[in-house]
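S.K.: The task is simple: from the sequences and hints, build the whole structure.
If you read the sequences in order, they're chains U and W. Everything in the first sequence is counted per our numbering, starting at 1 for the first residue and increasing by one. Everything in the second sequence is counted per our numbering, starting at 1 for the first residue and increasing by one.
Quick caveat, the hints were computed from the structure, so don't treat them as lab data. This one's a predicted model, so the numbers in the text were calculated from it and none came from an experiment. If a hint is listed, it holds; no wrong ones were tucked in.
Identical chains share a label here; the pair holds if one copy fits it or two copies do between them.
In silico lysine-lysine, DSBU-like type, Cα no more than 30 Å apart, as pairs:
| id | residue 1 | residue 2 |
| --- | --- | --- |
| 1 | K159 | K15 |
| 2 | K15 | K29 |
| 3 | K145 | K159 |
| 4 | K29 | K159 |
There are 2 protein chains.
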Amino acid sequence: MQNNSQNKISLPVIKRLPRYYRHVLQLQKSGVSTVSSSDLGAFLGTTASQVRQDLNCFGGFGQQGVGYRVDLLASALHDLLIGSSNLSAILIGSGRLGRAISGFLDNTVQGFSLVAAFDNAEYQIGTSLGNLTVQDIAGLSDYCKLHQPQLAVLCIPEKSASAMAPTLLTLGLQGFWNFSHYDFASLAPDLPVENVHLGDSLQSLGFRMRHTDI
Amino acid sequence: MQNNSQNKISLPVIKRLPRYYRHVLQLQKSGVSTVSSSDLGAFLGTTASQVRQDLNCFGGFGQQGVGYRVDLLASALHDLLIGSSNLSAILIGSGRLGRAISGFLDNTVQGFSLVAAFDNAEYQIGTSLGNLTVQDIAGLSDYCKLHQPQLAVLCIPEKSASAMAPTLLTLGLQGFWNFSHYDFASLAPDLPVENVHLGDSLQSLGFRMRHTDI
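M.R.: Quick look at the structure:
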């Protein structure tokens, strides 16, 4: 991958990439062949200059006066975000949320394969989850040594995540999609972690609905 | 509710409230009786001054030199975030994600009650979802007129959300927990909407895992 910048790409830029990709795919479907940075910016609620700056981080795909070729941009963003091989993911916590999230990961988002699922509850172990069978969490370390999965999807309570964290960080996992409220930042500040706090999202929405006066 | 500020509370402040509440509940469980703004700030990864500023928006609960009384802060945050009555919520889209999210809303987060679920797929209509029976989306308007639910949880594809949006906005709904990629901001800029973009979250995580060099 071309990278004109000596600096690390900032997290806000990385977080905008899937939105660029989504929009560019839609343009492609609609038969649009070029798009200006200001049109891209308008869609993302940002400026043309921000768009140019973002995409320049990756070598830039635009041409003065013409804009971006949609096909080139789509394929560049595909390469950046999805690449040519899937990241292997394991699910930790096969409760209701874990099952939904794993189905989402496996069926809806490109670039990932769910390869195993673990739980500590007797009634979950041995049940099926898609094509997989939920395994006893006691076998997690051995599994990781043997198969070296890359991503862990954590659908467990904060307490369990907190208790497991020191172990989880020794298993060679390269990233966490974290639905627990446990915060990995103190133990592993540089590890790629995406926290999804569904409860916080819902509660702050509730606040806005309850207090429309402020 | 006391509100010392003449200005609207900003969204970032509102989004921090659930984290304050979560931490304060934990302190309460641990038997801690007072907490300083700097300790609260350290937990939230922000400064003491930011904490004081945030909590002052709601009248302030602290005392110079003593800090915040944990019990008062907990009960004030409870009143702000959860209040005394549940918000009534309907689910639109009872697929795998919708089912998980509705279970989460009903069982895990305080302050909400799921009162109905809708889908347009023949094979979903009439199936049970918790204590509810999934209803035909064709009956949504009548249902809303009769029961005036407050929140809609959207677990449908972007296309469906986009097609339904003009109707949804006439049903008296006061907020949307939006798992589709449809953006309500253009039609209803002031309506409380929380967008949860699971796919974007996962893709940007994938990017960070694939490109650890940049």
